[in-house]
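A.B. asks: Listed below, chain by chain, are the residues.
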Amino acid sequence: MSVDLSQFIPSFLEESFEGLELMESGLLNLQPGDNETIHSIFRAAHSIKGGAGTFGFDSVTDFTHLVETLLDEMRDGRREVTNADTEILLESVDCMRLLIEAARDESDYDTEKVAQTSSRLAQTLGNEQLTSDENVSVDKVGSESATGFNIKFVPEHSLAKTGNDPLFLFSALAELGSLTIHANTNELPALMDIDAQELYLSWQLTLIGEVDEEEVKEIFEWVEDECLLELTPIDNKLPQEKTENEPTFQQENTTAPAIDETTPQIQESQIAAANPKSADEKATVSKTKAKTEVGSIRVGVDKVDSLINLVGELVITQSMLSELGNDFVMEKVERLNSGLEQLLQNTKELQESVMRIRMLPISFAFSRFPRLVHDLAVKTGKAMELVIKGEQTELDKTVMEQIGDPLVHLVRNAADHGIEASDIRVAQGKPEKGTISLDAYHQGGNIVIEINDDGAGINRESVLAKAVDKGLIDANATLTDSQVYDLLFEPGFSTAAEITDISGRGVGMDVVKRNIQALGGRIQVESTLGKGSTFKVNLPLTLAILDGQLVKVGSETYIIPLIAIVESLQIDNKLINRVSGDMVLYRLRDDNVPVLPIYQLFDLETECIEIDNALLVVVEADGQKVGLMVDDLLAQQQVVIKSLKDNYQQVAGISGATILGDGSVAMILDIPGMISMALEKAQYAQKFKNGGDSVKAEVCI
Amino acid sequence: MNIQAMAQDIPVEGEHSIEGVDFITSGDQYLTFLLADEQYAVDILCVEEIRSWETPTKIPNAPGYIKGVINMRGVIVPIVDLRLKFGIGEASYLETTVVIVLTYQNDDKSRTIGFVVDAVSDVLNVESVDIKPAPAFGGCVSQQFIDGLINSEQKVVTILNVAHLQQVEQHPMNS
Numbered sequence: 066m067s068v069d070l071s072q073f074i075p076s077f078l079e080e081s082f083e084g085l086e087l088m089e090s091g092l093l094n095l096q097p098g099d100n101e102t103i104h105s106i107f108r109a110a111h112s113i114k115g116g117a118g119t120f121g122f123d124s125v126t127d128f129t130h131l132v133e134t135l136l137d138e139m140r141d142g143r144r145e146v147t148n149a150d151t152e153i154l155l156e157s158v159d160c161m162r163l164l165i166e167a168a169r170d171e172s173d174y175d176t177e178k179v180a181q182t183s184s185r186l187a188q189t190l191g192n193e194q195l196t197s198d199e200n201v202s203v204d205k206v207g208s209e210s211a212t213g214f215n216i217k218f219v220p221e222h223s224l225a226k227t228g229n230d231p232l233f234l235f236s237a238l239a240e241l242g243s244l245t246i247h248a249n250t251n252e253l254p255a256l257m258d259i260d261a262q263e264l265y266l267s268w269q270l271t272l273i274g275e276v277d278e279e280e281v282k283e284i285f286e287w288v289e290d291e292c293l294l295e296l297t298p299i300d301n302k303l304p305q306e307k308t309e310n311e312p313t314f315q316q317e318n319t320t321a322p323a324i325d326e327t328t329p330q331i332q333e334s335q336i337a338a339a340n341p342k343s344a345d346e347k348a349t350v351s352k353t354k355a356k357t358e359v360g361s362i363r364v365g366v367d368k369v370d371s372l373i374n375l376v377g378e379l380v381i382t383q384s385m386l387s388e389l390g391n392d393f394v395m396e397k398v399e400r401l402n403s404g405l406e407q408l409l410q411n412t413k414e415l416q417e418s419v420m421r422i423r424m425l426p427i428s429f430a431f432s433r434f435p436r437l438v439h440d441l442a443v444k445t446g447k448a449m450e451l452v453i454k455g456e457q458t459e460l461d462k463t464v465m466e467q468i469g470d471p472l473v474h475l476v477r478n479a480a481d482h483g484i485e486a487s488d489i490r491v492a493q494g495k496p497e498k499g500t501i502s503l504d505a506y507h508q509g510g511n512i513v514i515e516i517n518d519d520g521a522g523i524n525r526e527s528v529l530a531k532a533v534d535k536g537l538i539d540a541n542a543t544l545t546d547s548q549v550y551d552l553l554f555e556p557g558f559s560t561a562a563e564i565t566d567i568s569g570r571g572v573g574m575d576v577v578k579r580n581i582q583a584l585g586g587r588i589q590v591e592s593t594l595g596k597g598s599t600f601k602v603n604l605p606l607t608l609a610i611l612d613g614q615l616v617k618v619g620s621e622t623y624i625i626p627l628i629a630i631v632e633s634l635q636i637d638n639k640l641i642n643r644v645s646g647d648m649v650l651y652r653l654r655d656d657n658v659p660v661l662p663i664y665q666l667f668d669l670e671t672e673c674i675e676i677d678n679a680l681l682v683v684v685e686a687d688g689q690k691v692g693l694m695v696d697d698l699l700a701q702q703q704v705v706i707k708s709l710k711d712n713y714q715q716v717a718g719i720s721g722a723t724i725l726g727d728g729s730v731a732m733i734l735d736i737p738g739m740i741s742m743a744l745e746k747a748q749y750a751q752k753f754k755n756g757g758d759s760v761k762a763e764v765c766i
Numbered sequence: 139m140n141i142q143a144m145a146q147d148i149p150v151e152g153e154h155s156i157e158g159v160d161f162i163t164s165g166d167q168y169l170t171f172l173l174a175d176e177q178y179a180v181d182i183l184c185v186e187e188i189r190s191w192e193t194p195t196k197i198p199n200a201p202g203y204i205k206g207v208i209n210m211r212g213v214i215v216p217i218v219d220l221r222l223k224f225g226i227g228e229a230s231y232l233e234t235t236v237v238i239v240l241t242y243q244n245d246d247k248s249r250t251i252g253f254v255v256d257a258v259s260d261v262l263n264v265e266s267v268d269i270k271p272a273p274a275f276g277g278c279v280s281q282q283f284i285d286g287l288i289n290s291e292q293k294v295v296t297i298l299n300v301a302h303l304q305q306v307e308q309h310p311m312n313s
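Chains as they are written, first to last, in this note's numbering: chain R, 66 to 766; chain L, 139 to 313.
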């Protein structure tokens with residue numbers, strides 16, 4: 066029976082990337098003498114090698130073999146775990162990732178890097194061989210000199226059930242040398258008694274050739290537990306009992322499934338694992354990202370079970386309702402109502418359960434940071450550590466995928482600009498080691514991610530000086546702290562004295578802000594000079610559903626995201642001020658809020674153009690408050706966001722559309738977009754005025 | 139009657155009628171429709187469905203010929219009034235006014251847009267050799283939308299290029 070192996074490749078890749086992450090985090094926490102960690106790293110590498118071999122990814126197999134050899138030596142205590150070794154292993158993990166990605170995309174990889182790393186690995190191994198005790202090398206030489214083996218292979222009857230096919234083993238053996246096979250059919254029962262899934266044969270094999278015993282054993286590695294295997298070298302005729310497995314392998318077989326069991330939560334697929342390490346790698350990764358966008362989610366069985374339960378309830382409710390509808394009389398209206406209520410409940414729960422499937426713990430986005438900070442510490446020569454809190458906070462998969470890069474930027478910034486060199490820190494009475502902390506928690510319907518460092522803080526004066534220098538602000542302008550910090554997000558803005566390859570080119574912070582805004586989130590900065598800075602990223606939990614306030618303008622219904630609304634109020638005539646010509650301001654306590662009539666911005670017809678009849682919804686975006694003038698406030702409800710881009714295009718001032726209860730479509734307002742629209746419009750009107758044409762901006766008061 | 143037995147009787151090529159059922163087995167099929175009293179046609183394989191007119195939700199600041207979006211079984215579909223886009227006839231919305239929803243597959247992206255027309259008329263069976271290029275003598279329909287002309291009885295039918303029809307023009311913010 067031949068099986069199409071290619072169908073298993075995606076899960077192999079997924080598992081491999083998980084394995085790589087496991088190796089990476091293990092290596093970062095590795096202490097000398099910590100055998101448990103070394104074992105788990107070894108197991109991860111070993112599974113990757115095994116899988117890659119099965120699927121014919123030879124480059125991965127060969128490279129991983131070297132890594133495995135080094136790990137093996139550490140595991141057996143033949144090698145001390147040194148920092149240099151850990152570095153090489155970390156690099157090797159990168160290379161393995163490159164190789165697996167290349168295998169996935171059938172693309173090329175950075176051969177130079179891989180060759181370099183593998184030669185360094187070989188070198189490390191070579192050094193070891195010189196100093197290793199003679200027993201080992203003698204043993205090796207002894208087995209290497211064999212010119213062949215007699216192999217007795219008696220598999221258990223259930224071998225085929227575990228997915229192993231002796232034919233594969235034999236063809237692998239045949240590649241090592243010339244192979245003669247004798248099948249023993251003694252145990253074959255009568256045709257009547259044969260169970261088609263059992264394996265009744267055993268084999269006597271003779272392999273002739275310059276073969277290393279290790280190589281032969283490796284082929285049988287996956288079936289060792291389930292067979293009686295005797296290897297006899299041909300030349301010296303010494304029968305070597307191999308019925309017993311090496312203890313290490315036994316351990317592997319018992320613990321490998323345990324890894325899978327301990328991670329039954331949803332696991333993000335390749336994308337999160339394939340985190341870019343350097344700029345050029347990033348380019349290749351982002352190229353491949355598009356290809357793999359249709360990632361998969363691993364869902365915990367409990368979540369699926371709860372879904373099935375809910376669907377069961379839904380079916381019951383449905384049948385109850387349809388029975389009710391068969392011969393409906395007015396007396397039954399009460400039962401109908403309760404049935405509908407039940408339906409509502411079911412639908413709500415079902416929706417929540419489905420949403421929960423998309424939720425992943427944020428540790429998937431955080432997992433890359435220990436490595437990043439470790440690398441940054443090496444690169445910058447500063448001592449720093451990373452503290453991660455709240456990594457179990459759950460977040461929508463899509464949001465998670467898109468927040469990764471902005472977070473990397475922020476952490477790099479904290480490491481490069483925030484944390485000072487150790488001597489400066491000591492001189493300032495701070496602990497020598499800088500601390501960068503990542504914290505995630507829920508707040509309202511949002512998730513907040515804080516990136517905090519105990520470094521130098523943001524120097525208000527130098528930011529201001531730079532901004533004046535760049536012509537972003539007037540030299541005499543007085544700005545609040547938050548306005549000053551907002552300058553950091555201007556394109557091309559950097560206060561770093563020298564440009565490093567980590568950060569300082571001023572490219573990035575504006576992208577960070579844009580990305581976060583694209584996700585419907587916002588970023589705030591808090592900083593104390595000399596004490597450190599905190600970047601607070603506020604994100605919606607999910608991109609698929611939004612709490613909205615329905616408003617009416619003319620004949621159209623619009624949805625304002627609840628998160629943006631500060632308050633809604635009846636307009637008080639006395640508080641309306643007209644200033645600087647055409648601008649309409651509404652006095653909201655101490656603030657003056659500019660009024661934006663939606664009908665004007667969207668070019669709609671409405672009878673409600675008088676400002677004193679209208680309602681004002683005060684919204685905030687980018688720290689700017691504006692009052693949206695609407696005809697009426699309708700209900701508040703959760704809406705499912707549908708993209709306009711699928712069949713149309715992005716529309717200014719609109720973030721998407723949704724379908725209301727009556728089947729009609731309503732537009733969801735994009736508050737920051739509307740504000741910038743209004744600004745553009747005002748500038749346009751002003752240009753006309755300055756040009757001599759006295760085109761008056763139409764503001765109907 | 140047994141459909142399978144019927145199917146065996148159908149010759150491979152040509153147009154046939156068996157017991158009042160039409161079978162067309164050659165050439166490409168086009169759906170024709172009316173804009174004012176002119177006949178137009180689109181490839182029938184692109185037609186997703188034909189719906190009656192319903193007032194769509196407006197898209198802010200969109201060009202006049204984009205009437206808005208509708209909900210087609212959970213999918214947001216923009217509605218383009220072809221009469222306004224081409225400047226033919228009057229854009230009145232009567233009971234016979236219909237929306238032809240077209241889906242066009244381009245690479246791996248597909249786009250679904252509804253087009254308002256005055257009426258749907260017929261399905262034409264056309265051999266590709268019968269499609270004649272349209273003479274470039276003005277007319278208010280831009281050449282890029284036209285694949286060619288075909289003669290259908292006494293009338294001339296303009297075959298429209300669905301790929302070009304589906305392209306959404308960037309509408310600048312009208313300040």
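I should point out that these hints are in silico values taken from the structure, not numbers from a laboratory.
Check each hint, because a few of them may be wrong.
Claimed, not checked - Derived lysine-lysine pairs resembling DSSO-like cross-links, with alpha carbons at most 27 Å apart: (1) Lys617(R) with Lys247(L); (2) Lys746(R) with Lys196(L); (3) Lys444(R) with Lys617(R).
As the list claims (entries may be wrong) - Anything over 10 Å on all C-beta distances counts as not near chain L; from chain R, calculated: (4) Asp69; (5) Gly98; (6) Asp668; (7) Asp711.
C-beta atoms are modelled at their ideal positions from N, C-alpha and C, and glycine is treated no differently.
A.B. asks: Honestly, which of those hints from before does the structure not fit?
C.D. replies: 1, 3, 6 and 7
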